[in-house]
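Peer 1: Listed below are the residues making up each chain.
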Amino acid sequence: MRVAVASGKGGTGKTTVAVSLALALAETQPVQLLDCDVEEPNVHLFVRPEIAATRSVDKLLPRVNEAVCQRCGACVRACEFHALGLLGDHILAFPELCHGCGRCVLVCPHGAIDEVAHSLGTVETGTARGLLYGQGTLNVGEAMATPIIRELKREIRPEFTVVLDAPPGTGCPAIAVLRGVDVALLVTEPTSFGLHDLAAAVGVARTLDVPVAVILNRAGVGDDRVEAYCADEEIPLLMKIPFDRAIAASYAVGTPLVDALPEWRERFAALGKRLEAVMAR
Amino acid sequence: MTEVLFLSGKGGTGKTSLAGAFAVLMDEKVLADCDVDAANLHLLLAPRLVDEGNYEGSKAAEVSPDRCTGCGRCREVCRFDAVSAEFRIDPFLCEGCGACLTACPAGAIDLVPRVSGRWFTAATCFGPLASAELYPGEETSGKLVSLVKQKARALAEDGRLERIVLDGSPGIGCPVIASVSGVTSAILVTEPSLSGLHDLERILGVVRHFGIPAYLVVNKADLSLELAERLETFAADHNLPLLGRIPYDEAVLQCLATGRSVVNEKHSPAGEAMRAIYQRFVELQSDFGTAGDEPTSHRVREGKSTT
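Chains B and Z supply the protein sequences, listed in that same order. Heads up: the first sequence at position 88 corresponds to 88 in the working numbering, and the numbers run straight through without jumps. One gets the working numbering by counting positions in the second sequence from 1 and adding 281 to each.
None of these hints come from the bench; they were simulated from the model. We put the beta carbon where it would ideally sit given N, CA and C, even for glycine. Please note that the accuracy of each hint is not assured.
Residues of chain B clear of chain Z, computed beta-carbon distances all greater than 12 Å [to be verified]:
hint, residue
1, 9
2, 41
3, 67
4, 116
5, 160
Facing chain Z, according to a computed beta carbon distance under 8 Å, are these residues of chain B, among others [to be verified]:
hint, residue
6, 12
7, 70
8, 78
9, 100
10, 103
11, 170
12, 172
13, 232
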């Protein structure tokens with residue numbers, strides 16, 4: 001089973017749920033925990049992994065050989081991202097606009113372009129409290145998160161139960177995580193923002209044909225429109241986590257919920273079973 | 282022009298609540314919701330739609346089956362795994378780069394523009410609002426953010442308004458970089474947790490990378506005094522001025538549930554803290570949106586973003 005813990009809105013409790021679910025399931029089965037929120041990876045703060053291997057994730061940037069280049073401009077015209085420009089007698093490359101697609105290399109009639117690797121971030125792998133662990137980290141100042149997520153997902157071990165902590169939102173990074181998982185566990189809160197963004201996340205998951213289930217965090221404050229929405233849409237609401245200062249305090253210092261309040265351990269183990277049922281529907 | 286952007290790195294720290302408070306408190310401004318993945322600012326502002334349009338931000342490759350010879354060159358050159366074994370293109374994986382089109386010897390591939398979302402302008406009691414929505418599963422959120430900012434600047438010009446309040450998205454990647462470009466200041470909203478501290482370091486790195494003056498707000502400050510102190514030490518060490526602390530206050534969540542701004546609540550400690558933060562911010566901006574301000578005088582290096 002591959003479970004992506006996702007949400008439209010940020011800060012609803014994805015990491016809390018992903019860490020607690022992984023730790024609870026690890027008591028009975030091999031579990032792999034992947035932090036796919038590569039812009040702001042936080043799982044490591046809760047499970048303190050031992051990293052065994054680090055590798056760079058690169059984008060290939062064009063390098064124009066001025067001696068061979070005939071200034072024909074074919075590369076400039078071909079680039080869909082305006083990452084190349086012809087200025088006077090020079091081809092200028094704008095690395096921050098480049099997607100690393102290699103079309104300029106293909107299109108150059110003179111073979112004047114080769115490519116150099118530029119690091120976007122890293123993928124790190126190791127172990128944490130009996131879990132197989134992996135995380136991606138985008139370098140500060142870089143824009144492209146998805147290549148790191150794709151590279152991290154190559155670490156997925158089919159024989160493991162895999163828990164993926166997804167980034168918030170419904171854009172390309174969230175899609176890169178949700179694609180190909182067996183179930184999306186969407187964490188939300190009982191506010192108008194939570195409801196609005198939950199509906200967007202459900203839209204993405206359904207577009208990708210991924211079954212969804214919901215966890216309502218900070219239950220008890222706000223209103224019951226999220227519950228009404230889940231009922232209307234026939235989305236299983238698998239767990240409610242109340243707002244509790246003790247939960248917030250343990251989160252603050254990086255203590256997983258299942259450690260701080262052990263009664264949650266059984267609840268998260270049971271959640272695993274219920275997710276299997278959602279997948280089977 | 283003064284452009285104030287709310288960012289946080291970590292999601293759910295209270296960007297939109299504070300942006301909403303600034304919307305209520307500040308005069309003569311345009312509002313822009315740059316969180317196109319999960320746009321929420323409008324939920325606080327009861328907008329009346331003025332104008333809207335399609336957003337064609339990207340292209341996707343399409344194979345014409347009748348011309349395809351099945352040679353597989355497209356699949357070889359695609360770096361985004363978007364070409365299936367049957368030589369069909371997955372629109373969600375396709376970056377729209379056209380490498381396959383260049384490689385195809387049979388001329389069987391076209392790049393087709395696609396509608397990836399919609400932009401909106403609206404009138405609210407607090408000023409004009411520019412916003413957008415990215416369709417589920419679509420990419421190119423950075424370009425859509427840039428479009429929202431263009432619309433907001435046009436609204437400011439039309440209304441002769443000198444200030445724009447921009448609500449940003451979580452993270453540090455493409456949409457955030459697009460939102461940062463060209464703003465005059467960034468208010469970083471964080472919360473007292475290890476995650477909040479870790480994510481603040483990274484978002485501050487991005488904001489400083491683009492040379493934007495930054496300010497800090499610690500939200501839910503009383504949920505962990507230890508981490509609140511560590512955040513403030515971090516801020517002092519990094520010359521990041523603290524605008525204030527907001528206490529945890531259930532009134533904020535109740536206001537979010539009903540789509541109101543907490544600064545209008547009587548006796549709300551969070552609402553009072555937000556008023557004080559706004560005052561402090563205005564004090565620190567010596568030439569805060571004054572008339573005759575040269576529009577480009579605060580412009581710092583324009584950032585660029587991909588997608």
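Peer 1: Run every hint past the structure and note whether it holds.
Peer 2: We went through each hint and held it up to the structure:
1. 9: Label violated. Min Cβ-Cβ 6 Å, cutoff 12 Å.
2. 41: violated, 8 Å
3. 67: With a cut-off of 12 Å, residue 67(B) remains clear of chain Z, as the shortest Cβ separation is near 24 Å.
4. 116: Residue 116(B) clear of chain Z: closest Cβ-Cβ about 15 Å, beyond 12 Å.
5. 160: Holds, because the least Cβ-Cβ distance between residue 160(B) and chain Z comes to about 22 Å, which exceeds 12 Å.
6. 12: With a closest approach of 6 Å, the residue 12(B) hint holds.
7. 70: Result: violated, 18 Å to nearest chain Z Cβ.
8. 78: holds, 6 Å
9. 100: The hint holds - residue 100(B) has a Cβ within 8 Å of chain Z, the shortest such distance being about 7 Å.
10. 103: holds, 4 Å
11. 170: holds, 5 Å
12. 172: Given a least distance of 4 Å, the restraint on residue 172(B) holds.
13. 232: Since the shortest Cβ distance to chain Z is 18 Å, the answer is violated.
In this structure, the earlier hints numbered 1, 2, 7, 13 are contradicted, and the remaining ones agree with it.
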